[in-house]
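Participant: Got chain A sorted already, so can you dock chain B with the ligands onto it with the hints?
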Amino acid sequence: MKILVPVKRVVDYNVKIRVKADGSGVETANVKMSMNPFDEIAVEEAVRLKEAGKATEIIAVSVGPAQAQETLRTALAMGADRAILVQTDAETQPLAVAKVLKALVEKEGPTLVVLGKQAIDDDCNQTGQMLAALLGWGQGTFASKIVAGEGSIAVTREIDGGLETVDLKLPAIVTADLRLNEPRYASLPNIMKAKKKPLETVTPDSLGVDVASRLTTLKVVEPAKRKAGVKVADVAALVDKLKSEARVI
Amino acid sequence: MTTTSSTTSFAASVLDPIRAIVGERGIITDPGTMQPFMESWRDGWVGRSPAVVLPDSAQALAAVVRICAETRTPIVPQGGNTGLTGASQPHADGSEIVLSTNRLNRIREIDLDNDTMTVEAGCILANIQNAARDVGRLFPMSLAAEGSCQIGGNIATNAGGVQVVRYGNMRNLVAGLEVVLPDGRIWDGLRGLRKDNAGYDMKQIFIGSEGTLGIVTAAVLKLSPLPRATATALVAVSSPSDAVDLLTRAKGKVGDRIITFELIQRFCIDIARRHVPDVPDPLNDVYPWYVLVELADQDSGERLAGMLEGILEAAMEAGEVLDGVVAASKAQADSLWRIREGIPEGQKREGVSYKHDVSVPISKVALFLDRANAALEREFPGIRPFSFGHLGDGNIHYNPIQGEDGDPAEWKARLGAVNAIVHDIVVDLGGSISAEHGIGRLRIDELPRYKSPVELDMMVALKMAFDPHNIMNPGKILRLNGNAR
Ligand SMILES: Cc1cc2nc3c(=O)[nH]c(=O)nc-3n(C[C@H](O)[C@H](O)[C@H](O)COP(=O)(O)OP(=O)(O)OC[C@H]3O[C@@H](n4cnc5c(N)ncnc54)[C@H](O)[C@@H]3O)c2cc1C
Ligand SMILES: Cc1cc2nc3c(=O)[nH]c(=O)nc-3n(C[C@H](O)[C@H](O)[C@H](O)COP(=O)(O)OP(=O)(O)OC[C@H]3O[C@@H](n4cnc5c(N)ncnc54)[C@H](O)[C@@H]3O)c2cc1C
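Just so you know, the sequences run in chain order A and B.
Using our numbering, read the first sequence as starting at 1 and increasing by one per residue.
Using our numbering, read the second sequence as starting at 1001 and increasing by one per residue.
The following block holds chain A by itself, in its conformation from the complex (with noise of 0.2 Å):
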């Protein structure tokens, strides 16, 4: 079983994220920029399944700047055999990365298709969705646990209020969510080996796909400041403010 993985580059999960003064969009120039969290999940799942004999190839994709090649890197030294970098200025929206999966998928042929079940920078959680019904697969999203079986997948979802596990036959679409596992340090013997294995970088034109942007983004502002607390100077007074200005009782 061939493994396909795509893996966005994000700003980092922990990098304050501060609004551009133009209000253009959020500023990336000169931040700390990592993989999409849920992208490593993924990787590391598919990492997994090829050490249980499960998964013969993983083939990592990223569709981006030239810096995504850095990702890519990083999924090749958790494990991944071989990338590809579709290389575009073009802010990527979930339906031009949908095609661009598409295409690769029927170039290369993966029975399997794990992603992240959204990315961090534009909480789209549409990709995986939007591929599927582009190849008219099966999809198990927001997935917790997977088992590989013959010709099918368990995959064990997180919905509203408990879990529900659907099998799949295989060729499958997998999003992964949180608890699916914890993804490894790479390590430096492995840093090492990624540096030689292949990476291979295509454009979006070679494959047929134009990733030009659909949505136009009129304003990015920050979120509302909260307002500082005031202190109340009794009980009596709590409750009148409660009763009169936040009229919650």
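Any given hint could turn out to be false.
Within a straight-line C-alpha distance of at most 30 Å, the following computed DSBU-like cross-link-like pairs (lysine-lysine) qualify [as the list claims (entries may be wrong)]:
#, chain 1, residue 1, chain 2, residue 2
1, B, Lys1253, A, Lys195
2, B, Lys1251, A, Lys195
3, A, Lys169, A, Lys50
4, B, Lys1253, A, Lys197
Short, incomplete list of chain B residues facing chain A, as computed with Cβ under 10 Å [stated by the list, open to error]:
#, residue
5, Arg1228
6, Leu1234
7, Asn1284
8, Pro1288
9, Asp1299
10, Gly1301
11, Glu1302
12, Glu1309
13, Glu1313
14, Asp1334
Which chain A residues stay away from chain B? Per the calculated CB distances, all over 12 Å, these [stated by the list, open to error]:
#, residue
15, Asn30
16, Lys32
17, Glu70
18, Glu91
19, Thr111
20, Gly138
21, Lys169
22, Arg179
23, Ser244
24, Val248
These aren't lab readings, by the way, just hints derived from the structure by calculation.
Please read these numbers as outputs of a predicted model, since none were measured by experiment.
For each residue, glycine too, the CB sits at the ideal point set by N, CA and C.
Facilitator: Chain B with the ligands alone, transformed into the frame defined by chain A:
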């Protein structure tokens, strides 16, 4: 205060005039409310005092000191009370007032072009770090007590911390000081200068003086550019001397981009994992020693990570490094830091340990560890070596733990003997018995054993010149003329 009449006269001659200056809000005499000011954070130093005084300006503080000078009332200056040598608590006889800087907590000025910030002594270190970050600068002093300790205390102890290898200790971060002298005069040395050779450099006398020469009321601090990127790795090495080779290699390649270089003995990781949740063990095998290394600079993270990987790969090819992991995200970096941060907590829960805050030249660290471990094992079989710390500064927390068996009380009684063995070796190798925390009361009786008579004479001369009546934190660092204080 033994008799009622002396209590009354002390109240009338000292406390009443002080109260007149600082007001009711500026003085505490109720024993319950005073208690937190009487006790140390660690190691059980407890004292007594007739009053804790909290002036809200340098002028008020100076007026209080004048009253103390006139009445020969001894003073214990106190900041965040996180010091580790018993220097910030009063003695048990209740003769000293505690002078707290808690209310001197204003940031007076930030000068961005000069890269300086003028702060009052009672500002909490973490608040200063945040104020600098808010204007796009770094104030690099950083230590585990930063949420409680105050900059005045950091200055008075010449604090070190985790980034000394790059930015130096407190002494390197101060451009100017304002100090109240033991006679109550205010010295305004708040100069934001990087070059000032007009006479003796007086501020350096007060830095690291542990409150024995005067009370710092404000300081001009030097700010640095805020690093944008960090790269963090945990690597395994077979010995401390290989760790030193790695440090030398890294310095040659990236110089002062190294902000952290911590040596960690395997046993420390085991103990941290035994007692503290979420401490990872990210390497596949177990190795005798580890190094936590972090680089930082202004550039993008990818280039920096590339540099770190380049150094580590070359070291691995040279056999200095056995294995390692590089953090791929800040979350992974934070997780690696939990190893280092979990060690003191883990150690606390593992039984009696013998703490040493020592430094030796970096080139002697490996030799020091070999000699000290061998000497202790010879004298106290079963004692478990436990070493970690700032290899980049030659500052090892050499804290062996009692043997697995045996009566804790028996082990506890060996503290002095263990200290003497370790400190003799340290000094023999040209090291210091206090790298960071100071002498205070903890090491006051050891100092004469390790300092030459000439050096002790200079220290006494300095003390007498500033504080002839010995009212400023007496009985800390030095005992004068063989007296108890
Ligand atoms: C968890 C923990 C971790 C620590 N880690 C480190 C570390 O990594 N590196 C390190 O160097 N230290 C460390 N320390 C000890 C360190 O010295 C203190 O945390 C800090 O520097 C002291 O500041 P403070 O405001 O608490 O001072 P205090 O404890 O209040 O006082 C310390 C000394 O300074 C004097 N003093 C205080 N304020 C003034 C003033 N305004 N003028 C004159 N004298 C004054 C006191 O009289 C006393 O002698 C640590 C302590 C703890 C509890
Ligand atoms: C062309 C030129 C360029 C210079 N450029 C600079 C510059 O860029 N930056 C700068 O800071 N200075 C500069 N200086 C001045 C500088 O202070 C001296 O050049 C140098 O630092 C003094 O060294 P020296 O051995 O000549 O000392 P001397 O001139 O011999 O002595 C200078 C002082 O030090 C004392 N002294 C000398 N040796 C000792 C000792 N062993 N112990 C105790 N005291 C001692 C002397 O008593 C005297 O007070 C320059 C001078 C010249 C002529």
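Participant: Each of the hints needs a verdict: does it hold here or not?
Facilitator: Cross-check of the supplied hints:
Simply put, Lys1253 of chain B and Lys195 of chain A have alpha-carbon atoms about 20 Å apart, close enough for the 30 Å limit, and the pair holds. Pair hint Lys1251 of chain B plus Lys195 of chain A holds up; C-alpha atoms about 24 Å apart against a cutoff of 30 Å. Taking the CA atoms of Lys169 of chain A and Lys50 of chain A, the gap is about 19 Å. The hint holds against a cut of 30 Å. Distance hint between Lys1253 of chain B and Lys197 of chain A is fulfilled; the C-alpha atoms sit about 26 Å from each other, no more than 30 Å.
Proximity of Arg1228 of chain B to chain A holds as hinted, the smallest CB-CB distance being about 5 Å (cut-off 10 Å). With a cut of 10 Å, the hint placing Leu1234 of chain B at the interface with chain A holds, because the nearest CB-to-CB distance is about 8 Å. The restraint placing Asn1284 of chain B at the interface with chain A holds, with a minimum CB-CB distance near 7 Å, inside the 10 Å limit. Annotation: Pro1288 of chain B was flagged as interfacial toward chain A, and the flag is violated, the nearest CB pair being 17 Å apart, outside 10 Å.
A hinted interface residue such as Asp1299 of chain B counts as satisfied when its beta carbon comes closer than 10 Å to some beta carbon of chain A; here the least separation is about 8 Å, so the hint holds. A cut of 10 Å between beta carbons decides the hint on Gly1301 of chain B: the least distance to chain A is about 4 Å, and the hint holds. Below 10 Å, beta-carbon pairs count as interface contacts, and Glu1302 of chain B has one with chain A at about 5 Å; its hint therefore holds. Annotation: interface hint on Glu1309 of chain B holds; nearest CB of chain A at approximately 6 Å, less than 10 Å.
A least Cβ separation of about 5 Å between Glu1313 of chain B and chain A falls short of the 10 Å threshold, and the interface hint therefore holds. Hint on Asp1334 of chain B holds. Least Cβ distance to chain A is approximately 7 Å, under the 10 Å limit. With a closest Cβ-Cβ approach of about 5 Å to chain B, Asn30 of chain A is found to fall inside the 12 Å limit, against its non-interface label. Against chain B, the non-interface label of Lys32 of chain A is violated: not every CB pair exceeds 12 Å, the least being about 4 Å.
Not every C-beta of chain B lies more than 12 Å from that of Glu70 of chain A, the closest at about 5 Å, which undercuts listing it as non-interface. Distance to chain B confirms Glu91 of chain A as a non-interface residue, since its nearest Cβ pair spans about 19 Å, more than 12 Å. Non-interface status of Thr111 of chain A relative to chain B is upheld: no Cβ of that chain comes within 12 Å, the nearest being about 27 Å off. With a closest Cβ-Cβ approach of about 31 Å to chain B, Gly138 of chain A is found to remain outside the 12 Å limit, as its non-interface label requires.
Here Lys169 of chain A stays apart from chain B, with its beta-carbon at least about 34 Å from theirs, past the 12 Å limit. For Arg179 of chain A, the requirement that its beta carbon stay farther than 12 Å from each beta carbon of chain B is met, with the minimum near 15 Å. The claim that Ser244 of chain A lies off the interface holds: its Cβ sits roughly 33 Å from the closest Cβ of chain B, which is beyond the 12 Å cut-off. The claim that Val248 of chain A is not at the interface with chain B holds, since no C-beta of that chain comes within 12 Å of its own (minimum 33 Å).
Comparing the model with each earlier hint shows violations of hints 8, 15, 16, 17; every other hint is respected.
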